[in-house]
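Trainee: Assemble the complex: chain A is given as a structure, and chain B must be docked to it using the hints.
Line order of the protein sequences matches chains A and B.
Using the numbering used here, you'd call the opening residue of the first sequence number 1 and step up by one each time.
Using the numbering used here, you'd call the opening residue of the second sequence number 1 and step up by one each time.
Honestly, I wouldn't trust all of these hints.
[Unchecked claim] With a straight-line Cα cutoff of 25 Å, these simulated DMTMM-like cross-link-like pairs (lysine to aspartate or glutamate) come out: (1) B:K344 x A:D204; (2) B:K211 x A:D204; (3) B:K104 x A:E264; (4) B:K85 x B:D109; (5) A:K198 x B:D364; (6) A:K219 x B:D109; (7) A:K133 x A:D164; (8) A:K256 x B:D212; (9) A:K36 x A:D92; (10) A:K87 x B:E334; (11) A:K265 x B:E167; (12) A:K259 x B:E164; (13) B:K104 x A:D149; (14) A:K193 x B:D212; (15) B:K344 x A:E213; (16) A:K36 x B:E280; (17) A:K265 x B:D364; (18) B:K211 x A:D152; (19) B:K350 x A:D92; (20) A:K46 x B:E206; (21) A:K57 x B:E206; (22) B:K104 x A:D204; (23) B:K278 x A:E37; (24) A:K262 x B:E164; (25) A:K198 x B:E334; (26) A:K265 x B:E164; (27) B:K96 x A:E213; (28) B:K211 x A:D149; (29) A:K219 x B:D242; (30) A:K265 x B:D212; (31) A:K219 x B:E334; (32) B:K344 x A:D92; (33) B:K148 x A:E264; (34) A:K93 x B:E334; (35) A:K265 x B:E334.
To be clear, the hints were calculated from the coordinates, so they are not data collected in a lab.
All of these numbers come straight from a predicted model, not from anything done at the bench.
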Amino acid sequence: MNNFVFHTMILAFCCEMASTAVAADAAPEPAKDTAKEPVVCFESRKGASEITQRDIKPGLPNVKCSPTTGAALWYGDPFEGTVPMGKMPLLDKIPPGHALVKPRSDKLALLPLCSTACHNGVGPSFSPPTLPKDKKPTPIPTMEGLLPDAKDLQHGRGRIWCLDCHHTTKRNMLVDNFGDPVSIDQPQILCGKCHGDKMRDWRDGIHGKRIGEWASNGKKRWFTCTECHNPHNVQDGHRNRGFVQLQPEPPPQLPKGMKDAKFEKTHPIPH
Amino acid sequence: MAINKKASAGPVKDSASECVAQPASADPSKAVLKTSRRDFLRAGGMLSMSSLMGAGALMAQSDDTKATVEWAEHFQKNYRLMTQKEKNEARLRLEKRYSAEYGKQVSVDTADAQPGVLMGYALNIRKCIGCRRCVHACVEENNQSRGKQRAGEKIEWIQVLRMERGEFSADKMNHGYPDGLGIQVGGNAYTPAGQILEGQYHYEPEAVPEKDATYMPIACMQCEKPPCVKVCPVRTTYREADGPVVIDYNWCIGCRMCMGACPYWARRLNVTNPVLPKEEMNPVTHYLGNRPRMRGVVEKCHWCLQRTRQGRYPACVEVCPVGARKFGNLLDPESEVSLILARKNVFRLKAELNTFPKFFYFYD
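Isolated chain A (complex conformation):
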């Protein structure tokens, strides 16, 4: 019976619909096709992975960026720019192609040069190729210019040096437990050497960040260690916190009649 009512009502409005459709004159707004600069926003911390805004389909962007802070605020496509994570120990249960990462190497412009320009393994000190004699870095102004964090390496609080993490002869790669080179896109293999508890939580999805599908065997983009932490200064110097400071997004609207938020600081008990 409800359907009968419904269809009658549809009929009653048919004419009205048709008339509005005819009445609406086709005057679409001229397309604003000015070549705008692409909007790029950072994902976790500034200086690490970034994402460029584009439209997946009309009216649906792949990402929305914050106009205030430039941070990624919303993901339409969580898998943009990702590649398979590669083999990870103890993550064998994940179906193939369901663990993705964003390659870090794309962001590191100088990375391809590292193993050819200076640290090519055939320089004066490497002829014949020898390993460094001690674990004390030689201050090289060019290197310190390229990487200011190297001047006073915070990671490890002075107890580790470059080649504890970077491969001795293949400087654009990291080093695993056995001294074998590891891709810079798989820093978790290196970091997990010392930070085993964090590694375990990361593997289970408790530490760090994953986006995509929530099912435990779903397709996910995994954020690797260096997307959130600066590997050369994880503790952010004297702040001694694992994550750098960020500009916050704007606060909520003030309640009606309030000019500012001072009322929040008044405590019922004077102190």
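Mentor: For chain B alone, kept in the frame of chain A given last:
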């Protein structure tokens, strides 16, 4: 249906079952629908009213797309009572209206809860830096009103509470001693030492996290025993089978009983006409989720039903820069939420109220 019931009831209760009416079901979708004289009259009344309204609209010649479909919405059932066919009709109606209104192809999902799924959420309170990215991701995803002109035009479902750390000091050791017959208190009483739940929502520092503050995001806890559902006089808000507490916006009368009942300050009323610019509107919606709301209805977090029913993480989980937010299936022992419950120190906010939230705070 009646015949089947009779057959299964057995011969002993045969005569009794004829006298007794159909047993009332707690589940509205299983309620038995009868056609009575009252229904007939009501339908007749609706018919005449609709033709009157149709004539009125014809005469008005409104080109407002809203007007062309709103009348049908007025007569639709509560979502829980709709048949699949009626749901589809409602979906098509809304898709047509929203697409015209927002100038893009809008989809309105009506996906049901999946069996074997109980959604759960966990938030690492030690990791949260108070950047409010989740708050704004939620607004982008869920089509909240985002006006700035009038109070109540900007709606955010997540609140991030800033709490001072405070400290004990030796200077106050001699404070608080009674003058005459006063009651003695310790010298450091009345200082915000430790975390207090009288925090600030409107903090605006240059950078977060601040040195002497911790942050606590609060949104709907999707209680297993939700007080808001208990008080709703029109039963438009209810708990879905996979966990989230949802609202059928068309049946909300805006009485705000649920807002008063919620101990987590999670619900918002559209006091004004929602301000939702066309270009900012998210065209992927769910009927019980983020479809655009109207003035005078209550809305709240529903764990991005339009995403989570399709397998995606909620929007706030995806943008949290520190990975403090975790979401998963509580019935799956391998899910990140189940592993957190098994391994970490977990608490529920205001657990003493016996609302049994499925939103857990944890720290490591």
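Trainee: Indicate, hint by hint, whether the structure satisfies it.
Mentor: Going down the list of hints, with the structure as the test:
no., hint, result
1, B:K344 x A:D204, "holds (12 Å)"
2, B:K211 x A:D204, "violated (30 Å)"
3, B:K104 x A:E264, "violated (41 Å)"
4, B:K85 x B:D109, "holds (14 Å)"
5, A:K198 x B:D364, "holds (10 Å)"
6, A:K219 x B:D109, "holds (22 Å)"
7, A:K133 x A:D164, "holds (14 Å)"
8, A:K256 x B:D212, "violated (29 Å)"
9, A:K36 x A:D92, "violated (44 Å)"
10, A:K87 x B:E334, "holds (20 Å)"
11, A:K265 x B:E167, "holds (17 Å)"
12, A:K259 x B:E164, "holds (23 Å)"
13, B:K104 x A:D149, "violated (48 Å)"
14, A:K193 x B:D212, "violated (33 Å)"
15, B:K344 x A:E213, "holds (23 Å)"
16, A:K36 x B:E280, "holds (18 Å)"
17, A:K265 x B:D364, "violated (30 Å)"
18, B:K211 x A:D152, "holds (23 Å)"
19, B:K350 x A:D92, "violated (39 Å)"
20, A:K46 x B:E206, "holds (15 Å)"
21, A:K57 x B:E206, "violated (36 Å)"
22, B:K104 x A:D204, "violated (39 Å)"
23, B:K278 x A:E37, "holds (22 Å)"
24, A:K262 x B:E164, "holds (15 Å)"
25, A:K198 x B:E334, "holds (18 Å)"
26, A:K265 x B:E164, "holds (10 Å)"
27, B:K96 x A:E213, "violated (29 Å)"
28, B:K211 x A:D149, "holds (23 Å)"
29, A:K219 x B:D242, "holds (21 Å)"
30, A:K265 x B:D212, "holds (15 Å)"
31, A:K219 x B:E334, "holds (15 Å)"
32, B:K344 x A:D92, "holds (24 Å)"
33, B:K148 x A:E264, "holds (21 Å)"
34, A:K93 x B:E334, "holds (11 Å)"
35, A:K265 x B:E334, "violated (43 Å)"
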